[in-house]
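> Below, each chain spelled out in residue letters.
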Amino acid sequence: MNKVTNNKAWWLVLPVFILVAFSALIPLMTVVNYSVQDIFGPNNAYFVGTDWFREVLRDDRLQDSLIRQFVFSGAVLLIQIPLGIGVALMMPTSGKKASLCLILLAIPLLIPWNVVGTIWQIFGRGDIGLFGWGLNELGMDYNYTASTADAWATVLLMDVWHWTPLVALLCYSGLRAIPEAFYQAAEIDRASKWAVFRYIQLPRLKSVLVIAVLLRFMDSFMIYTEPFVLTGGGPGSSTTFLSQTLTTMAIGQFDIGRAAAFSLIYFLIVLLVSWLFFTAITHLDKQK
Amino acid sequence: MAEIQLNSLAHSYSKTPSGPEDYAIRQMSHVWHKGGAYALLGPSGCGKSTMLNIISGLLAPSEGEVLFDNVKVNELSPKDRNIAQVFQFPVIYDSMTVYDNLAFPLRNAGMPKAKIQAKVDEIAAILELGEVLHNKAKNLTADEKQKVSMGRGLVRDDVSAILFDEPLTVIDPQLKWKLRRKLKQIHEQFNITMVYVTHDQLEASTFADKIAVMYEGQIVQFGTPRELFERPNHTFVGYFIGSPGMNLIDVERVSGGVRFDDFTVALSQVQQRATEHSPSQNLKIGIRPEFLHVSNQPSDDTFKCKVKDVEDLGTYKIVSLQLGSQAILARVDEDHEIAGDTVYVGFPPQWLKLYIDEFLVEEQDA
Numbered sequence: 001m002n003k004v005t006n007n008k009a010w011w012l013v014l015p016v017f018i019l020v021a022f023s024a025l026i027p028l029m030t031v032v033n034y035s036v037q038d039i040f041g042p043n044n045a046y047f048v049g050t051d052w053f054r055e056v057l058r059d060d061r062l063q064d065s066l067i068r069q070f071v072f073s074g075a076v077l078l079i080q081i082p083l084g085i086g087v088a089l090m091m092p093t094s095g096k097k098a099s100l101c102l103i104l105l106a107i108p109l110l111i112p113w114n115v116v117g118t119i120w121q122i123f124g125r126g127d128i129g130l131f132g133w134g135l136n137e138l139g140m141d142y143n144y145t146a147s148t149a150d151a152w153a154t155v156l157l158m159d160v161w162h163w164t165p166l167v168a169l170l171c172y173s174g175l176r177a178i179p180e181a182f183y184q185a186a187e188i189d190r191a192s193k194w195a196v197f198r199y200i201q202l203p204r205l206k207s208v209l210v211i212a213v214l215l216r217f218m219d220s221f222m223i224y225t226e227p228f229v230l231t232g233g234g235p236g237s238s239t240t241f242l243s244q245t246l247t248t249m250a251i252g253q254f255d256i257g258r259a260a261a262f263s264l265i266y267f268l269i270v271l272l273v274s275w276l277f278f279t280a281i282t283h284l285d286k287q288k
Numbered sequence: 001m002a003e004i005q006l007n008s009l010a011h012s013y014s015k016t017p018s019g020p021e022d023y024a025i026r027q028m029s030h031v032w033h034k035g036g037a038y039a040l041l042g043p044s045g046c047g048k049s050t051m052l053n054i055i056s057g058l059l060a061p062s063e064g065e066v067l068f069d070n071v072k073v074n075e076l077s078p079k080d081r082n083i084a085q086v087f088q089f090p091v092i093y094d095s096m097t098v099y100d101n102l103a104f105p106l107r108n109a110g111m112p113k114a115k116i117q118a119k120v121d122e123i124a125a126i127l128e129l130g131e132v133l134h135n136k137a138k139n140l141t142a143d144e145k146q147k148v149s150m151g152r153g154l155v156r157d158d159v160s161a162i163l164f165d166e167p168l169t170v171i172d173p174q175l176k177w178k179l180r181r182k183l184k185q186i187h188e189q190f191n192i193t194m195v196y197v198t199h200d201q202l203e204a205s206t207f208a209d210k211i212a213v214m215y216e217g218q219i220v221q222f223g224t225p226r227e228l229f230e231r232p233n234h235t236f237v238g239y240f241i242g243s244p245g246m247n248l249i250d251v252e253r254v255s256g257g258v259r260f261d262d263f264t265v266a267l268s269q270v271q272q273r274a275t276e277h278s279p280s281q282n283l284k285i286g287i288r289p290e291f292l293h294v295s296n297q298p299s300d301d302t303f304k305c306k307v308k309d310v311e312d313l314g315t316y317k318i319v320s321l322q323l324g325s326q327a328i329l330a331r332v333d334e335d336h337e338i339a340g341d342t343v344y345v346g347f348p349p350q351w352l353k354l355y356i357d358e359f360l361v362e363e364q365d366a
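Heads up: the protein sequence lines correspond to chains A and B, in order. Position 141 of the first sequence, counted from 1, bears residue number 141 in my numbering, the numbering being contiguous throughout. Position 147 of the second sequence, counted from 1, bears residue number 147 in my numbering, the numbering being contiguous throughout.
Note that these hints are calculated values from the structure, not bench results. Just so you know, these numbers come straight off a predicted model, no measurement behind them. C-beta atoms are modelled at their ideal positions from N, C-alpha and C, and glycine is treated no differently. One should not assume that every hint holds.
What the hints assert, rightly or not - From the structure, some residues in chain A lie toward chain B, with a derived Cβ separation under 10 Å:
(1) Arg54
(2) Arg58
(3) Gly74
Claimed, not checked - 30 Å max Cα-Cα, derived DSSO-like pairs, lysine-lysine:
(4) B:Lys284 to A:Lys193
(5) B:Lys34 to B:Lys15
(6) B:Lys284 to A:Lys206
(7) B:Lys72 to B:Lys15
(8) B:Lys15 to A:Lys96
(9) A:Lys193 to A:Lys96
(10) A:Lys193 to B:Lys308
(11) B:Lys15 to A:Lys193
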């Protein structure tokens, strides 16, 4: 067989390669570059190998943020995914009411992130914020700037308010894609509402849920702006998540080497968890 | 099992129907007797599926009532009507195995495990699904999926009725025949009321004892395949049943019979009286191609026709004839020689039907 070899076609890939290089590879490589050097000033840098990585992994502050981060992302998924599915199930299926619901749901998604933080910062205040004032009036001792539990509750509530609509919208679109015949067949088969959900709606929502879980995991794992504006990471460091620790380290303390090493570890964690999750789901799919 | 009665039933998908053409089902009454195997036959869009969905309770009729064993069930859900329905396109629960799919309706009814197992195994054996019983249902072929879909209806032997909505559309012809036989067997075995919707007359007549022919939202005739063939109640039945359909010719009344072009056809006394008593101008005579008498020699009461075409279909021939301005078809035996391009056709009186306003004028003895 005569196989025509013409490698010139590879040149067509060049524009994409250049674009990706500038958008991802080169910035990433500069981070890699910083992570293996100790830099004192221009022309005064020492190669330190994996020292920064070793140090970073033993750093208590970073370990604490990492644990906090996992707890936060876990809580976000546990609350927002079921809640989003629930909201989607309760939404009207057609007509003006459905359009109205969609618009109302989409509003939080359109608000800039630091505005979301500001809204909740004021909303939760005990003196002028409706939410904080209301809780205090009801006799609860609520103060998100002083109590760790209140701060966590407020950050979580804010994220739930901000991002559950995304999960709900994804699920809503998934639900609308289920043909009417399935519901008819289930009705004929005397399926209970729970059985309809468990055996028809949930299996058919799987693909949108994979996307929802991945998006919500990645976004919540990288959260920065909203808690920074709301609590500034406090009280103490109780709501200081990874991005904020990292930013303080890189820009506040200008600890470039260490920050670079941690960025890479941070990136790898997100990549690894997303990959694990994705493979697990697609693997489940292939089972006979 | 139940007798299903439809009382002055009508349904319109429009909220404010303005005339009969807005109705998917025009007002009608009908009874499906207990334990019968029925077919509901008609062209696409005549309201067959609508009627099925009304019987099963998926759709609430806009007018009239549905009775199961003389009990009004209009307000009952399909669940409470205890009815099974098989849809045109397979619906399977794809996260479950074939076994779980078949067991699903039984589990929902809270049947004990051992009984479910026995029932599912029985139906799986009948439908030849034994080999794939523990596979995931979503990996099945279209044929198998539809068998699973049907199986879910058939496992429930306590149902009021099983409704089939063109269930064999996606099945290939070989298997189609087999499955139809199976359904018939199941009917004989369990004696469940079955209503089978189809637009295929062959399918209808092999499955059903009695066929209801539906046209423009109404059942125009309900009878055995033979009755539909020999005595079509309505010109539509004549045209729709049979292959090819009935020859229908527009005629006007003259003394002693009816006339078209220059030909006068004699009618029976009953028919003649009917034409005299009806003010309608919409008169037609109809005769099945099988019953036309075709000969090469002229005789009394025959008409001279031009042969346009002879189509040999193996066991019989279809002869296209030109009779005056009318094109008619005749079906003759394979060994019937058609010589030359002229033949003489006769209309045997017992097979000559008269239709006034599209409906048959019944002979007295019928």
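> Now look at each hint and say whether the structure bears it out.
A quick look at each hint next to the structure:
no., hint, in the structure
1, Arg54, "violated, 47 Å"
2, Arg58, "violated, 46 Å"
3, Gly74, "violated, 26 Å"
4, B:Lys284 to A:Lys193, "violated, 55 Å"
5, B:Lys34 to B:Lys15, "violated, 34 Å"
6, B:Lys284 to A:Lys206, "violated, 61 Å"
7, B:Lys72 to B:Lys15, "holds, 23 Å"
8, B:Lys15 to A:Lys96, "holds, 18 Å"
9, A:Lys193 to A:Lys96, "holds, 25 Å"
10, A:Lys193 to B:Lys308, "violated, 64 Å"
11, B:Lys15 to A:Lys193, "holds, 29 Å"
Consistency with the previously given hints fails for numbers 1, 2, 3, 4, 5, 6 and 10, ordered from lowest to highest.
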